[in-house]
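Colleague: Go by the hints and put chain B onto chain A.
Number of protein chains: 2
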Amino acid sequence: MKRTKIIDVLDGAKVGTQVNVKGWVRTFRNNQFIAINDGSTINNVQAVVDFNSFDEKHLKRVTTGACISVNGEVVESLGKGQSVEIKVAELEILGDADPEKFPLQPKKHSLEFLREIAHLRARTNTFGAIYRIRHAMIFAVHKFFTDKGFFNIHTPIITGSDAEGAGEMFKVTNFDLDSVPRTEDGRIDYKEDFFGKETNLTVSGQLEVETACMALSEVYTFGPTFRAENSNTSRHLAEFWMIEPEMAFYELEDNMNLAEEFLKYLVGYALENCKDDLAFLDNRAQEEDKAKPQNERAEMTLLERLQFIVDNEFVRLSYTEAIDILRNSKPNKKKKFQYLINDWGADLQSEHERFLVEKHFKKPVILFNYPKEIKAFYMRHNDDGKTVAAMDVLFPGIGEIIGGSQREERYDVLKAKVEEQGIPEEDLWWYLDLRKFGSAPHSGFGLGFERMIQFVTGMGNIRDVIPFPRTPDNAEF
Amino acid sequence: MKRTKIIDVLDGAKVGTQVNVKGWVRTFRNNQFIAINDGSTINNVQAVVDFNSFDEKHLKRVTTGACISVNGEVVESLGKGQSVEIKVAELEILGDADPEKFPLQPKKHSLEFLREIAHLRARTNTFGAIYRIRHAMIFAVHKFFTDKGFFNIHTPIITGSDAEGAGEMFKVTNFDLDSVPRTEDGRIDYKEDFFGKETNLTVSGQLEVETACMALSEVYTFGPTFRAENSNTSRHLAEFWMIEPEMAFYELEDNMNLAEEFLKYLVGYALENCKDDLAFLDNRAQEEDKAKPQNERAEMTLLERLQFIVDNEFVRLSYTEAIDILRNSKPNKKKKFQYLINDWGADLQSEHERFLVEKHFKKPVILFNYPKEIKAFYMRHNDDGKTVAAMDVLFPGIGEIIGGSQREERYDVLKAKVEEQGIPEEDLWWYLDLRKFGSAPHSGFGLGFERMIQFVTGMGNIRDVIPFPRTPDNAEF
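One line per chain: the protein sequences are A and B, in this order.
Quick note on our numbering: the first sequence kicks off at 60 and runs consecutively.
Quick note on our numbering: the second sequence kicks off at 60 and runs consecutively.
When chains are identical, the list treats them as one kind, so a pair holds in a single copy or across two.
As a list, the in silico SDA-like pairs of lysine to any residue whose alpha-carbon atoms are at most 20 angstroms apart: (1) 207 <-> 323; (2) 474 <-> 161; (3) 202 <-> 324; (4) 250 <-> 291; (5) 445 <-> 475; (6) 250 <-> 238; (7) 119 <-> 160; (8) 434 <-> 482; (9) 495 <-> 161; (10) 256 <-> 535; (11) 202 <-> 328; (12) 250 <-> 287; (13) 167 <-> 347; (14) 167 <-> 157.
Read the hints as simulated data drawn from the structure, not as lab findings.
One chain only, chain A, in its complex shape:
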């Protein structure tokens, strides 16, 4: 008999029909009720066995984690929370799971423990939900941009250019590290390496995707990026995925509009398409909250936070206005900030961003027009001579979720900036070419995909929203 996915059994199988279901045993109660999950949904189907009709030895193998196949009739369920269940006629064990050895017994496991068995954690409700939501968000990203006529561009992972300056890079090499080839004067002879030059893992596809933008108008990347930074925090990964749209003929305001529309679309898509998984995670977060002291509990539940994003306009605030608000704020006057805000030009810290978003406005905030000194070389100089057309989108609980800017499209201005920053022109000749031949105003931004998944799932540690996290001293599996 052809297998029916559990999501389809629960959501439409007719009472009285015969079905085959395959999946993993979550629990087996009273030698009678098997809860089976196949990952198609967070919900289990209940398979009811008449233990008199089955060999006892056979039933003993129905343990948590075992993989089974059952044939039987769909019948109305008397149990709570499910409309139908399966009356088992045949039961086959596809793969045993020795209860003495299988680590995922039906009890609460810590997230730390589950990270050590990342190859099995997708079998828990929490990680099943996270991965299904992660998939929905991947698809939503592509759908959003495809519907708008954007083109996805695969920018290179291995790069010979290290001009972006977004962070410390990993080296990629084919050298035998035991005997790195040397030139006659004793330096490393990169001509002997695979690519004939020094190469690294990309920190951003932005510069490369701009080349496609100057031909196809509206494009985006969605790929892995890397940072060789020794940040052992709940917010950093050495390998993470980033989405970077880049649009010709967009100025800063268009860029802000697109960023806001995009974030609302993703959150709305999750609310619409991941109801059961979000309900589970919402409940999970509320349970966790109960264990915390009153003043540390979240003001809103996960579902409320998501709905809040969809329902509210993001505040748009210039850096200059933000400095004014922060300078006159209570925590600044009472010296509660670690970094006090005195002068225009100060780099904003996470504490300041959180104050603006969580205390002052209680809404997502888009900060724009930052001092040029604290932003990247490719951002467009504003006419005031002091600021660049940069923007950051700040989310409650997460901080910066998107960073972007209008790009400097004027050849002379960009060239001066490149020289001022001491970037060798041979690294960026092709990027400068875009301004030499048919330049146009254009803008773009970057969304850290895992930060977004953290926000949508409510997970506190970024290592729990990517299947196999890479962090300092950890590249297991």
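Modeller: This is chain B only, laid out in the frame that chain A set:
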């Protein structure tokens, strides 16, 4: 005025309305007709200027490659091949392109030359078409699997495991290559490296995605993979994208069914959604063919080849049957094959695959049940003791486009195989765990994305179907 994309002007703008169009000048004929392209479609919009109404100096800047913005009225076109054109009222130069310096003048450029200016080649018709088709195929991949309830899993790019054995790997390191840390006994001290161990770039996400398959049932990867192999051919890249679905409860036949359905879906999607780009590439290929001697010309046009895939059932042929056919074939008897087929067990070469697909069957072929000696350790042993449940899909002109298998789900059989091949168990403990706890029959395959794009676009060199190709001695941009 809000910009209208050229695709929308050509496909629906009402005669008499005012529009703004922005894009790059392709040609400017007779000081009157500007062909503008914005990448939203391969088609240009014609903007007609009355040269008496514009300053001559201004019009001189309307050169091939310049970026311009025009406002004007949509009028019926008298020219061939276009229904509407724009009567220009205002014309702004956004970015000049000095005709003495801009490398993309309106003439035929060689693909080799265009590879050297990969940052500009998206502005040609050929590469615009390829990148738009590449995007359509990316979206089609996600849509195909999403519609079936598969989940996309991001498997790691940096891996501490090198057990897959699909090819030579690139090293990833944070060491200063000038002074690699050593242990007391003089060996490289990988404990001092970023991840505390040796790490490489992945050659395949298969082993990792199997962990998700054993929880969510139907999953797929779509990400970059790497080979540090010194293959300077038109078919190899050091960095390429791969799609690897993995399905619980699928046996080999289910796997073949899915592969065939998937390939037909992708080709059908391109035929349906990329008509103009495919028509251009079809024509381009026919023009190229005309320059070839009669006997080297393609038997079918690009569009015919694509339609042929959609319309025909793939031949399914066991390795054993294939050997029989090859052994008795004309080229074997006449010793035209470079590698003659004598005995069962021979590894098939590209010449044999092409004979089966292009000469014998004249159809795509799925070969299955290969000798176990020539296939990977994780493939399921058949009961005959000689073969494994492997399959390769062979396409005309391309050869192997998909490779896959049913996986060995039996712990003891797999463990013996791992030991036999001398793979250290500490590298694969987690992969073996999947067979220890709740194992299930499962299958999967890998599709090289660039090979697929080559087939769909008809491009002969794989370096022309990825924006920034990485090959030996080349990591430019």
